[in-house]
Amino acid sequence: MNIFERLQHIDRRIMYALLVVAIAAPLIWRINLPVVVTPAVRGVYDTFDKMPADKIALIVVYWGAGTVAETGPETAAMMRQLFMQNKKFALLPFDPQGSKFATDSAKALAKEYGKKYGIDWVHWGYQPISNLVPLLQSFPGNIKGTFRTDAYGTPMDKIPMMRNVNTLRDIGVVADITSSGELDTWIAYVQATYRDAKGRYRVPMVYGPTAIIAPEGFNALDAGQIQGMLMGMKGAAEYEKLLSAEGFATRAAGALSTSHLLIVVLIILGNIGYVMSRRRGEG
Amino acid sequence: MFTRYLIKPGAPQWLWVLGVIGDFLLFGGILFAFLQAIPARFRRPFIVTLTFLAGLIYSVEFFWPADPKTQMNFLTPLRLKLGEATKVVYAFALGLGTYNLIRFHGSNLIRKRPGWHNNLAFFISFAAMMGVGFWAYYAPSSKAAANAYNMLFEGIVGALGATMFSTIGFYIVSAAYRAFRIRSGEATLMLLAAFIVMLGQVPVGAYLTSGIPSGGVLRNLRLENLSYWILSQPNMAAQRGIWFGIEIGALAMALRQWLSLERGSFFEREL
Amino acid sequence: MFDWLSDSHVTTTVTMWIGALGTLAIYSILYKENPAYRLAEHIFIGAAAGYGIFITWSETLKPAWWDQITKGNWYWVFALIAGAMFYFIYSKRYVWISRIIFGTLMGLIAGGAFKAFVGVNVDRISASFKPIAGKGLNAVEIANNLLFIVVLLAVMAYFFFSFEHKTPLRRAPAQLGRWCLMFAFGAMFGFTVMARMSLLIGRIYFLLHDWLHIAR
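Protein chains in written order, with this note's numbering: chain A, 1498 to 1780; chain B, 2 to 272; chain C, 410 to 625.
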């Protein structure tokens, strides 16, 4: 086998080993590379920034353990901005694992910023995803009728921050953080249904998908259906830069760079082998 | 009847359990007898009618004019009640998947098929996670319960779940290496877009083209700007085109489901 | 025997080790199929299923159903009857009863499709009519909008299968649409790689930072 044929058949175990090294090295010896904030991420920050303080944000969690590395930092960064700016939020998880991860994250951040459950944040309780459509059709008009109690069984009326939160008008921003594509369900049943007098969506919405479904989010971003979007872990790193709060995403950005570089190099090597082999074959 | 007339709020939990079981058997039995009384030839029309009526609620509610002040029509209050009811009904469906798992693993364990110890491990971890969860829930002041719950959730569900998904990262490297060959113009174009986005979306892309001025026309050649332009312009347009196609197909499929025109698991055999 | 469970330091350490050993067991599949991977896989499936049961009860069924019944709202028993109908799917003789509940729920979802279609697409359709001339538009915006229109129409032409792409007038836009799709798929692949690498980085970070303490 000549060199060009070898380049086309690199053993996968060598590639796996190289990948582990490419990821581990920047995590052990920090690489500081510039994180550039994209307009989509800036949109998320600005949307939360402009949210009136008398309204609450609704953070919808639809992700589980499988995507915690991407959606976990996204969720944490959003909660961090809200706590930093003394704004309140409610967690609405549609995944049982995400419910626990997001709650743990909220508790840790609440401790960091001196925030209290029931006053600064609340958990509306895990809802099965199969009930998404009926739920979206009922809660905008009557939040307390739909979610009678929080996740811990406390009636909503007894939770201080929920006293004046009754309908969608009392929600300032909806943040959909997800590993699957149910953004359009929110747009259809909430955004498009509830508009202001000028026909604009009543509630701004921001999107926090995993990177796999992020390209589809540009569709909604262009149509004005969402005001901002985080794109996976890299988006979370950009967001952390805006908040001047380094988290896991920022630390991992270097490893993301080296792993991508490795894949590009491997593909180039494979193609060099392919092209040269073809030329030799044709010759 | 039991829970309505015989048991009052404040009664012990075990009495409520008995009452619910009694009502379930009573009303469930009546419903079962009624359904069994339906002749076989009327079963399909019965299901088709129910499916149609269920869909009619939401579709009429959408098309019926709403009061401009309240944004509601006469069917809107039904939405709230349906939302609550279906939430609970859907939750009961969780048992379907769990039953399948128990049946599969139980069968392997009972028959001592090769690898039966893995099936035993399944049942142990199933019982442990569920048991610890309920322990932590019903004994909220117990530190041991909370620690045990966190231990199993973070150590098994969280860690292994994330690891399962992350193994795809390895496979994608070897798959990309083997599959991405510039065999044609289209493949080359695809590869070019992939390279620009892969490098432009990570900090190394900004570093590689940091020598290009960040102002003026030339800034568009910086990898991070080029990548974002690709995503927000040509990619977005293509996504929009794909999306319209998908949506029209989805609407047609929904119509077929609503009108029970779709051949599938419902009616491929006699009811 | 279980006193150590009350000590958070001990349980945190045990959690770390369970997670780390489980992670390495799962990754062992990358070398080849082995018993450690199979065991870890089964343990995960069991724990995830058990967790799902617990969380469904504690966060949905108990507050929304059981507590309602014990407060005197007896009619919620009918939700149990409706939910029980799902399980007739396992009976060959009475499977048709499960079709009732499946059909009803699917009818509800299908009935909402009109709203979903209009709600999502009206704004996207109107946003697709981009201006290519007029005040306030600079050359870059005009060029981007023109590109958008061309790509959108080409991609839609590619998916238009009602007529065969025989004539050059039908074939050319479809061919251009194909090229545009390949370009978009390349961009999507770039993001797919980023997503998978992110998940992998998360796990390796856990091993190096949380478990071995050699990453910062």
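Check the hints yourself; a few may be wrong.
Straight-line C-alpha distance at most 25 angstroms; calculated BS3-like pairs for lysine-lysine [stated by the list, open to error]:
| # | chain 1 | residue 1 | chain 2 | residue 2 |
| --- | --- | --- | --- | --- |
| 1 | A | K1655 | A | K1695 |
| 2 | C | K480 | B | K9 |
| 3 | B | K70 | C | K524 |
| 4 | B | K82 | A | K1695 |
| 5 | A | K1738 | A | K1695 |
| 6 | A | K1641 | B | K144 |
| 7 | C | K544 | A | K1641 |
| 8 | C | K544 | B | K9 |
| 9 | A | K1608 | B | K70 |
| 10 | B | K144 | A | K1604 |
| 11 | C | K471 | B | K82 |
| 12 | A | K1641 | C | K480 |
| 13 | B | K144 | A | K1612 |
| 14 | B | K82 | B | K70 |
| 15 | A | K1738 | A | K1547 |
| 16 | A | K1604 | A | K1738 |
| 17 | C | K544 | A | K1695 |
| 18 | A | K1612 | A | K1547 |
| 19 | A | K1604 | C | K471 |
| 20 | B | K82 | C | K480 |
| 21 | B | K82 | B | K9 |
| 22 | A | K1738 | A | K1608 |
| 23 | A | K1641 | B | K70 |
| 24 | C | K480 | B | K144 |
| 25 | A | K1552 | B | K144 |
Not close to chain C: a few residues of chain B, all C-beta gaps over 12 angstroms, as computed [what the hints assert, rightly or not]:
| # | residue |
| --- | --- |
| 26 | F33 |
| 27 | P66 |
| 28 | D68 |
| 29 | T71 |
| 30 | K88 |
| 31 | K113 |
| 32 | S211 |
| 33 | S215 |
| 34 | L222 |
| 35 | A253 |
It should be emphasised that the hints constitute simulated quantities derived from the structure, not laboratory data. Glycine residues also receive a C-beta, built at the ideal position from the N, C-alpha and C atoms.
Hints versus structure:
For the hint linking A/K1655 to A/K1695, the alpha-carbon distance of about 35 angstroms lies beyond 25 angstroms, and the restraint is violated. For a cut-off of 25 angstroms, the pair hint linking C/K480 to B/K9 stands: about 8 angstroms separates their Cα positions. Our distance criterion of 25 angstroms between C-alpha atoms is met by B/K70 and C/K524, whose separation comes to about 20 angstroms. Distance check on the hinted pair: B/K82 and A/K1695 sit about 30 angstroms apart at the alpha-carbon level, beyond 25 angstroms; violated.
Restraint check for A/K1738 and A/K1695: the C-alpha separation of about 35 angstroms exceeds 25 angstroms, so the hint is violated. Among the hinted pairs, A/K1641 with B/K144 is inconsistent with the structure: their alpha-carbon atoms are about 32 angstroms apart, more than 25 angstroms. Proximity of C/K544 to A/K1641 is assessed by CA-CA distance (about 48 angstroms); at most 25 angstroms being required, the pair is judged violated. At most 25 angstroms may separate the alpha-carbon atoms for a hinted pair to count; C/K544 and B/K9 exceed this at roughly 72 angstroms.
A C-alpha spacing of about 43 angstroms is found between A/K1608 and B/K70, which places the hinted pair above 25 angstroms, so the restraint is violated. Straight-line distance between C-alpha atoms of B/K144 and A/K1604 comes to about 17 angstroms, which keeps the hinted pair within the 25 angstroms bound. Of the supplied pair hints, the one linking C/K471 and B/K82 holds, its CA atoms being roughly 18 angstroms apart against a limit of 25 angstroms. The suggested pairing of A/K1641 with C/K480 holds, with an alpha-carbon distance near 17 angstroms, which does not exceed 25 angstroms.
For a cut-off of 25 angstroms, the pair hint linking B/K144 to A/K1612 stands: about 23 angstroms separates their Cα positions. A distance of roughly 22 angstroms separates the Cα atoms of B/K82 and B/K70; the hinted pair therefore holds under the 25 angstroms criterion. Proximity of A/K1738 to A/K1547 is assessed by CA-CA distance (about 18 angstroms); at most 25 angstroms being required, the pair is judged to hold. For the hint pairing A/K1604 with A/K1738, the CA-to-CA distance comes to about 22 angstroms; that is within 25 angstroms, so the pair holds.
Distance check on the hinted pair: C/K544 and A/K1695 sit about 23 angstroms apart at the alpha-carbon level, within 25 angstroms; holds. Between A/K1612 and A/K1547 the alpha-carbon distance is near 21 angstroms, which keeps this suggested pair within the 25 angstroms criterion. The straight-line distance between the Cα atoms of A/K1604 and C/K471 is roughly 23 angstroms, inside the 25 angstroms bound, and the hint therefore holds. With a CA separation close to 17 angstroms, the supplied pair B/K82 and C/K480 stays within the 25 angstroms bound.
Restraint check for B/K82 and B/K9: satisfied, since their Cα atoms lie roughly 24 angstroms apart, inside the 25 angstroms limit. Taken as a hint, the A/K1738 and A/K1608 pair is honoured in the structure, with Cα atoms around 21 angstroms apart against an allowance of 25 angstroms. At roughly 21 angstroms between alpha-carbon atoms, A/K1641 and B/K70 fall within 25 angstroms of each other, so this suggested pair holds. The suggested pairing of C/K480 with B/K144 is violated, with an alpha-carbon distance near 30 angstroms, which exceeds 25 angstroms.
Between A/K1552 and B/K144 the CA atoms are separated by roughly 35 angstroms; this puts the pair beyond 25 angstroms, and the hint is violated. Under the 12 angstroms C-beta cut-off, the non-interface status given to B/F33 relative to chain C is violated; the minimum distance is some 8 angstroms. At the 12 angstroms boundary, the C-beta of B/P66 stays outside the reach of chain C, the nearest C-beta of that chain being 14 angstroms off. Non-interface call for B/D68 relative to chain C: holds, since the shortest CB-CB distance, roughly 17 angstroms, exceeds 12 angstroms.
No beta-carbon of chain C comes within 12 angstroms of the beta-carbon of B/T71; the shortest separation is about 18 angstroms. A cut-off of 12 angstroms between C-beta atoms contradicts the statement that B/K88 is not in contact with chain C; the least separation is 6 angstroms. With a least CB separation of 15 angstroms from chain C, B/K113 remains clear of the 12 angstroms interface cut-off, as annotated. With a minimum CB-CB distance of about 20 angstroms to chain C, B/S211 clears the 12 angstroms threshold, and the non-interface call stands.
Interface exclusion of B/S215 from chain C stands, the closest Cβ pair being 16 angstroms apart, more than 12 angstroms. With a cut of 12 angstroms on Cβ distances, B/L222 stays outside the contact zone with chain C, its closest approach being about 14 angstroms. Listed as a non-interface residue, B/A253 fails to keep its Cβ farther than 12 angstroms from every Cβ of chain C; the least gap is roughly 10 angstroms.
Taken one by one, the earlier hints fail for this structure at numbers 1, 4, 5, 6, 7, 8, 9, 24, 25, 26, 30 and 35, listed in ascending order.
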